[in-house]
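Visitor: Given the coordinates of chain C, work out where chain S should sit on it, guided by the hints.
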Amino acid sequence: MSARIIQKKLFSLPSFICAIRRLPAVQPVCSLSTSVQDITKDTGSPHHNSTLSNEEATTAAALQQVTTSYSKNGYALDVTERTVLGRPVYLDAQSTTPVDPRVLDAMLPFYISQYGNPHSRTHAYGWATEEAVEKARASVAALVGANPKEIIFTSGATESNNAAIKGVANFYKERKRHIITTQTEHKCVLDSCRHLQQNGFEVTYLPVNKEGLVNLEDLKNAIRPDTVLVSIMMVNNEIGVIQPIEEIGKICREHKVFFHTDAAQAVGKIPVDVEKMHIDLMSISGHKIYGPKGIGALYVRRKPRVRLEPIINGGGQERGLRSGTLPAPLVVGMGAASEVCMEEMERDYKHVSKLSERLISQIQSSIPHVVLNGSPVHRYPGNVNFSFAYVEGESLLMALKKVAVSSGSACTSASLEPSYVLRALGVDDDMAHTSIRFGLGRFTTEKEVDFTVELAKRHVARLREMSPLWEMVQEGIDLKSIQWTQEH
Amino acid sequence: MSRSEVLRLYRKMLKYSSMFSDYNFREYSLARVKESFRENRLVGLQKGICLLTRNRFLEDKEAITKAIEKAQKNLEMLQRQAQISQMYKGERLVIEAETPSKK
Numbered sequence: 001m002s003a004r005i006i007q008k009k010l011f012s013l014p015s016f017i018c019a020i021r022r023l024p025a026v027q028p029v030c031s032l033s034t035s036v037q038d039i040t041k042d043t044g045s046p047h048h049n050s051t052l053s054n055e056e057a058t059t060a061a062a063l064q065q066v067t068t069s070y071s072k073n074g075y076a077l078d079v080t081e082r083t084v085l086g087r088p089v090y091l092d093a094q095s096t097t098p099v100d101p102r103v104l105d106a107m108l109p110f111y112i113s114q115y116g117n118p119h120s121r122t123h124a125y126g127w128a129t130e131e132a133v134e135k136a137r138a139s140v141a142a143l144v145g146a147n148p149k150e151i152i153f154t155s156g157a158t159e160s161n162n163a164a165i166k167g168v169a170n171f172y173k174e175r176k177r178h179i180i181t182t183q184t185e186h187k188c189v190l191d192s193c194r195h196l197q198q199n200g201f202e203v204t205y206l207p208v209n210k211e212g213l214v215n216l217e218d219l220k221n222a223i224r225p226d227t228v229l230v231s232i233m234m235v236n237n238e239i240g241v242i243q244p245i246e247e248i249g250k251i252c253r254e255h256k257v258f259f260h261t262d263a264a265q266a267v268g269k270i271p272v273d274v275e276k277m278h279i280d281l282m283s284i285s286g287h288k289i290y291g292p293k294g295i296g297a298l299y300v301r302r303k304p305r306v307r308l309e310p311i312i313n314g315g316g317q318e319r320g321l322r323s324g325t326l327p328a329p330l331v332v333g334m335g336a337a338s339e340v341c342m343e344e345m346e347r348d349y350k351h352v353s354k355l356s357e358r359l360i361s362q363i364q365s366s367i368p369h370v371v372l373n374g375s376p377v378h379r380y381p382g383n384v385n386f387s388f389a390y391v392e393g394e395s396l397l398m399a400l401k402k403v404a405v406s407s408g409s410a411c412t413s414a415s416l417e418p419s420y421v422l423r424a425l426g427v428d429d430d431m432a433h434t435s436i437r438f439g440l441g442r443f444t445t446e447k448e449v450d451f452t453v454e455l456a457k458r459h460v461a462r463l464r465e466m467s468p469l470w471e472m473v474q475e476g477i478d479l480k481s482i483q484w485t486q487e488h
Numbered sequence: 001m002s003r004s005e006v007l008r009l010y011r012k013m014l015k016y017s018s019m020f021s022d023y024n025f026r027e028y029s030l031a032r033v034k035e036s037f038r039e040n041r042l043v044g045l046q047k048g049i050c051l052l053t054r055n056r057f058l059e060d061k062e063a064i065t066k067a068i069e070k071a072q073k074n075l076e077m078l079q080r081q082a083q084i085s086q087m088y089k090g091e092r093l094v095i096e097a098e099t100p101s102k103k
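One line per chain: the protein sequences are C and S, in this order. With UniProt numbering applied, the first sequence corresponds to residues 1 to 488, in that order. With UniProt numbering applied, the second sequence corresponds to residues 1 to 103, in that order.
Pulled out of the complex, with its shape left as it was, chain S reads as follows:
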C-alpha cells in the first residue's frame, strides 16, 4: 500500500473517532489512533531502508500488510460504533463545550 493510501486510512480513522458522541470514547479513540500510527510508522520506514535481500523485503511487506489489515478492521469497527454512539447519545459531560466545533 502506498504512503498516500495509508494517510487516507489514518485520516478516515480520525474522522470516525471524532464522531463518537461520548467525550471519553472520543478522546481515547483520537489519542489511540494517533499513537498506533506513530508507533507503526517505523514499519514503513524499515521498508524504505531495508537491504535488497528478497527475504527481508518480503518480511517487511508482510508486517506492513498485517498492520494495515488490522487498521482496516479497526476502521470498520470505528464506523459502526461511531454510528451507534450517535444513535444512543447520552448527555454532555459538565466539562464539554456547548458546541464542540466552535472555538
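Same shape as in the complex, but just chain C:
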C-alpha cells in the first residue's frame, strides 16, 4: 500500500514539472531507471564487515535505500521498501517536545492522590492543590521576569493569543480601532486579526525583509493615533528568526501602544525579560518547553495596567480574565517545566547551538544548491529550515520517513499550498515547496543529527538524479530563461 502512496505522490508533482514531459528534448523517465537502480544497488548496501558493532550495523541498515525497479513506461514495479524498523528519529522540536521526566515526576501525584480542585476553599484537598498551583505560577513568572500575579493560565498559546488580541481590541474598541502585526505570525494571530477585521477593525500586516526581520521604520510609520495593539512574535516557529523585540517594545512604549508578543518558541530557550523588553502581553506554551500539552500561560502587565475583555466568562478565576477550573496536574507540570528550563537554559542553548552548527555545516558542505531560510545571525539555533533546490518537497519528506521532520508548520501541513511565511520572505514557490524544517532540542543527540544528514544526502541525491530539471541545471541551462508554455 505504501508503494501506491509513493507513486501517487511522485505523480502529483507541481504542474510545471508535468509540463516538461511534453517537451521532446527531455529524456523519458524509463531510461533514467538504470541510473536509479545503479544508485540503489551500490551505495545502499551495508558493510559486510563483521567487526562492526551491533549499533553501527543497525544504523547502516537503517540507511539502506528503497529498492525499486521501473518498467519501460516508468511505473514502479516492485517497491520492496525495507520496513522502517522502529520509531523515526525525532527532529521536530518546534511542533512539540517530549515531556521531561522531571516534569512528569512532578505531575503524577496530582493524578493519583492529590486530586483536589484548586478553587475549593473549604478543605485540605483544595488548599494543597492551590498551594501547588501558586508555586507553579511563581515558577512561570520567574522564568520571564514577571510578578506571579501577572500570569494567567490558559489552555495553550493559541488561547493566549486569542485572549490577548481579541481581549485588548474589544476593551478599547470605542476609541481605538487599529492593530499592527506582521505577515509571518502564527496562524492563530492572523486569524484573530482577520476576525477583528470582520468586526470593523483595521489591521496592518507589516512585511518582512528576505531575512525574515521586520523593519522598525515600517513599524513607526504604521502606528496611528488610533492604534491599540502591536503583535509581533519573538521567535518564528517556521524559520527560527528572532525579531528585535527590545527595540519594538521601546517604540510601542513611546507611542503608548500595547505590545503583545507570541513567545511560545522563545520562552525557556532564550532569556526573556518582560521589563527589559517592554512587553505588555505575552503568550507562553507548555508543550514547547518540555511540559505537558493542553496548558499555556498569558502574561498580562499590571503596571501600567493592561485591560482585557475576557473571552471565556464564568466564575471569575484567574483575575476574572479566564474562568474555569485550573487543570492542576498540567499547571504543576508547566511550573516544573519552567523551573527545569531556568536551570538548564544555558546548557541547553550550548548543546543546541553545537548540534545546529554541526547540522548546518554538514548539510551545506555535502549537498549543493541548499538555501538556509531566514537570517543566519538573528536566529534561534534549534530551528533549521533548509530549501533543497531541484528536489520535490513531498517526495523528500516521504523519503525521510526514518526522521521525523516537518515541512512548513504543523498547522498548515494538511493543505498543499506552500508556507505563507516563506512566501513573505520572498522565497520562490518551488523552493518553498522543498523546504524542510529540522528541529533540535534538549534531548537530541549528535548521532541523530549525523544520521539525519546522511539520510538527507542520499535521498536528495537520489531524487535529483530522477529530476529532469536537475539534468538541465547540470548541463548549465539557466532555468529562468526557459519558455515553459508554447505560444502560437
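These aren't lab readings, by the way, just hints derived from the structure by calculation. You may find that some hints are simply not true.
Keeping only pairs whose Cα atoms sit at most 30 Å apart, straight-line, the calculated DSSO-like set for lysine-lysine is [claimed, not checked]:
| hint | chain 1 | residue 1 | chain 2 | residue 2 |
| --- | --- | --- | --- | --- |
| 1 | S | 15 | C | 447 |
| 2 | C | 293 | S | 70 |
| 3 | C | 187 | C | 166 |
| 4 | C | 293 | S | 73 |
| 5 | C | 166 | C | 149 |
| 6 | C | 250 | C | 303 |
| 7 | C | 447 | S | 61 |
| 8 | S | 73 | C | 250 |
| 9 | C | 350 | S | 34 |
| 10 | S | 73 | C | 350 |
| 11 | C | 149 | C | 303 |
| 12 | C | 480 | C | 447 |
| 13 | C | 350 | S | 12 |
| 14 | C | 173 | C | 210 |
| 15 | C | 135 | S | 70 |
| 16 | S | 15 | S | 61 |
| 17 | C | 401 | S | 89 |
| 18 | S | 89 | C | 293 |
| 19 | S | 70 | C | 354 |
| 20 | S | 70 | C | 149 |
| 21 | C | 135 | C | 354 |
| 22 | S | 73 | C | 135 |
| 23 | S | 15 | C | 354 |
| 24 | S | 70 | C | 350 |
| 25 | C | 149 | C | 293 |
| 26 | S | 89 | S | 15 |
Guide: Just chain S now, with coordinates in the frame of chain C:
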C-alpha cells in the same frame, strides 16, 4: 559525606539513568549526570584545600551537603521515572541496536 559515598551515589545515578527505555532520555540523563558531577567536583576540592578558618569550612560543608541533597532527590526521581519508563515502553528508534547490551 565521604568521597566513596559520593561515588556510590554517582554510580547509582548512572545505573538508573541507563535503565530508561527511551533512547533520548537515556542518553540525556547519562550525559547530564556525568556533567553535573564533573562540575561539582570542585565543591569537594574546595573543602580539601580551604584554610582552617572555621567559617570557610562550614560554608563549604553547606555547599557540599546542598549539592548532595539535590543529587539524592534527583536519584529518587530517576528511580521512579526509570521504572515508569520500563512500564510504558515505546518502540526502539531506528538507530538503536537490537540488543543494546551486546557490543
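Visitor: Could you run down the list of hints and mark each one as holding or not?
Guide: Right, here's what the structure says about each hint:
no.	hint	result
1	S:15 - C:447	22 Å, holds
2	C:293 - S:70	28 Å, holds
3	C:187 - C:166	14 Å, holds
4	C:293 - S:73	26 Å, holds
5	C:166 - C:149	21 Å, holds
6	C:250 - C:303	16 Å, holds
7	C:447 - S:61	40 Å, violated
8	S:73 - C:250	43 Å, violated
9	C:350 - S:34	16 Å, holds
10	S:73 - C:350	26 Å, holds
11	C:149 - C:303	11 Å, holds
12	C:480 - C:447	39 Å, violated
13	C:350 - S:12	27 Å, holds
14	C:173 - C:210	34 Å, violated
15	C:135 - S:70	19 Å, holds
16	S:15 - S:61	27 Å, holds
17	C:401 - S:89	21 Å, holds
18	S:89 - C:293	20 Å, holds
19	S:70 - C:354	28 Å, holds
20	S:70 - C:149	29 Å, holds
21	C:135 - C:354	34 Å, violated
22	S:73 - C:135	19 Å, holds
23	S:15 - C:354	27 Å, holds
24	S:70 - C:350	23 Å, holds
25	C:149 - C:293	23 Å, holds
26	S:89 - S:15	18 Å, holds
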